[in-house]
Amino acid sequence: MSTTPILSARGLVKRYGRVTAMDDCDFDLHPGEIHAVIGDNGAGKSTMIKALSGAIRPDAGEIRLEGKPVSFASPIDARAMGIETVYQTLAMSPALSIADNMFMGREIRKQGVMGRWLRQLDKAEMRRFAREKLSELGLMTIQNIDQAVETLSGGQRQGVAVARAAAFGSRVIILDEPTAALGVKESRKVLDLIARVRDRGVPIILISHNMPHVFELADRIHVHRLGRRLCDLTPGEVSMQDAVALMTGAMTPDEMTSAA
Amino acid sequence: MQDASRSGSDLTPPAETVAHFTGPTGIRARIGNLLYNAPAIVPLFVLLVAVAVFGALLGDRFFSPFALTLILQQVAIIGIVASAQSLVILTAGIDLSVGAVMILSSVIMGKFTFDLGFPPALGVLCGLLCGLIFGTISGILVAIVKLPPFIVTLGMWQIVLAVNFLYSGSEVIRSQDIDAEAPLLKFFGNTVEIGGAVFTYGVTLLLVLVAVLAYALSQTAWGRHVYAVGDDKDAAALAGVNVTRTLISVYALGGLICAFAGWALIGRIGSVSPQAGQLANIESITAVVIGGISLFGGRGSVAGTLFGALIVGVFSLGLRLLGADVQWTYLLIGVLIIAAVTVDQRIRRAAL
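These protein sequences, in sequence, are chains X and C.
Read in order, the letters of the first sequence are residues 1 to 260 in the working numbering.
Read in order, the letters of the second sequence are residues 261 to 612 in the working numbering.
Just chain X, with the same shape it has in the complex:
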């Protein structure tokens, strides 16, 4: 890996009282890759992801975006720098439409007097943009852009959330357990969707518990253990069993290299 990482972290520390959730943690995301993050429950993956997406501030350590040190006070900050996160809860307003949700917090106003003085939204433009983004990602099995999000299936909702992130995330997209709540068929569609987003050139951080999904999609895998990065793996070079063994501490990275 000679390229500069697009997003990297060095020596991140986060303590909650006497619990150290992140302990000298490193992280590297390279351009154009799907970088999976795996780790046992309580290993501190979500703490690391929250630090990268601006939801928490680390107590120590440094985050660099395209080589430049950055500091996020909130997810809005991270978003302004092109890092979009799809939360496990999806962060959508169920009663509002797909278009409303895609533009929540960054609405487009009309040009001219109606927009400037009466602050009228350009709904036609927002609908057009939303429809275009969904079409690009092959999500147009959705009936109507004005449909309330709560009328969509779980997979469709996930799709809209990913499309929102893909539409605005210019540098990094973070997906937190995108298939956790989905059935087999819907998971399939979402995995295809993630691959399509990657093919457009935006690197993706994928947090998942599902080993087959991780091994299918990821270009590299970050194994998180006891609050820090244990190692980075390449899916073709290790077996799923080994990855799980590393994650749970049944095996150390040294044992793996000697075995190989």
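According to the in silico footprint, chain X covers these stretches of chain C (three or more CB under 8 Å from chain X): (1) 475-483; (2) 497-506.
Take a look, some chain X residues computed to stay more than 12 Å from chain C by CB distance: (3) Pro5; (4) Asp59; (5) Lys68; (6) Ala181; (7) Gly183; (8) Glu186; (9) His209; (10) Met211; (11) His213; (12) Phe215; (13) Arg229; (14) Gly236; (15) Thr248; (16) Ala250.
These are computed hints drawn from the structure, not numbers from a lab.
Using N, Cα and C, we set each Cβ at its ideal position, and we do this for glycine too.
Take the given structure of chain X and dock chain C to it, following the hints.
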């Protein structure tokens, strides 16, 4: 908007790009979908049926421009307060202090003008400011101190009402004095007559207010944020909505609207009375609920609230003209409240 430019150019479109926007099929699904998207249609329908039934029973006594506009006059104050209540309930809150803020604002308008000798316009301005300030305080307590809206406004109700009685000494400013010295206080009691139909300025205020709020709620980013905050506060925050600012603006605007209701109240009853409008908070919640706004927030429209207020007005006047005991009105309104919530939930479930 960083990458809007590259959309559609360098991409191989996936297989199923054809956007097919098939609408719901079948008449039942279509009606269900319509009701889901425009929940104000249900109260509008009830309103029209109620007008038709009372019109058939009472003939010209009810179905005249005079009687129909009388209903508007009778619901004007509650309609204005209910508009404020709608905003708060859309954010999944509730404001129990609306009535008290309305009364204190009207008392301040009267007392500042008569006791402190302010010019009437300044007195009115101070009254409006009073509503805005109490609304803002409630908003801060809800949004920043993060107390439940029910508790904040329950407390605020008692505080504002007590201030009202302490400050006014329960004294009424008489109608003749207002006419002689400060007719501006009764501005909203002025009337326009068009062929038997009588519109007070207060009615006009209500209609304009509802139109402005309907526009703001559906056509501006602020309006979308009000719905999003009421729908799911945490999701809205993660999506980039400034929840704190949205909530404070809603309570502050609600307080200001209540102060306007206080001004209109002077025009309606003719005097400044600290005892007036005691039931305004419950009646405003009634109008909001019958109007189809969900008490859990995020659903409904302010037009529905107007219809809700009018439904109550039609029942009150219609039953009175029929000579029925006034308790029948309350009984029917009670039934309507429960029916409105039932219908609302069924529509939503059917649409999902």
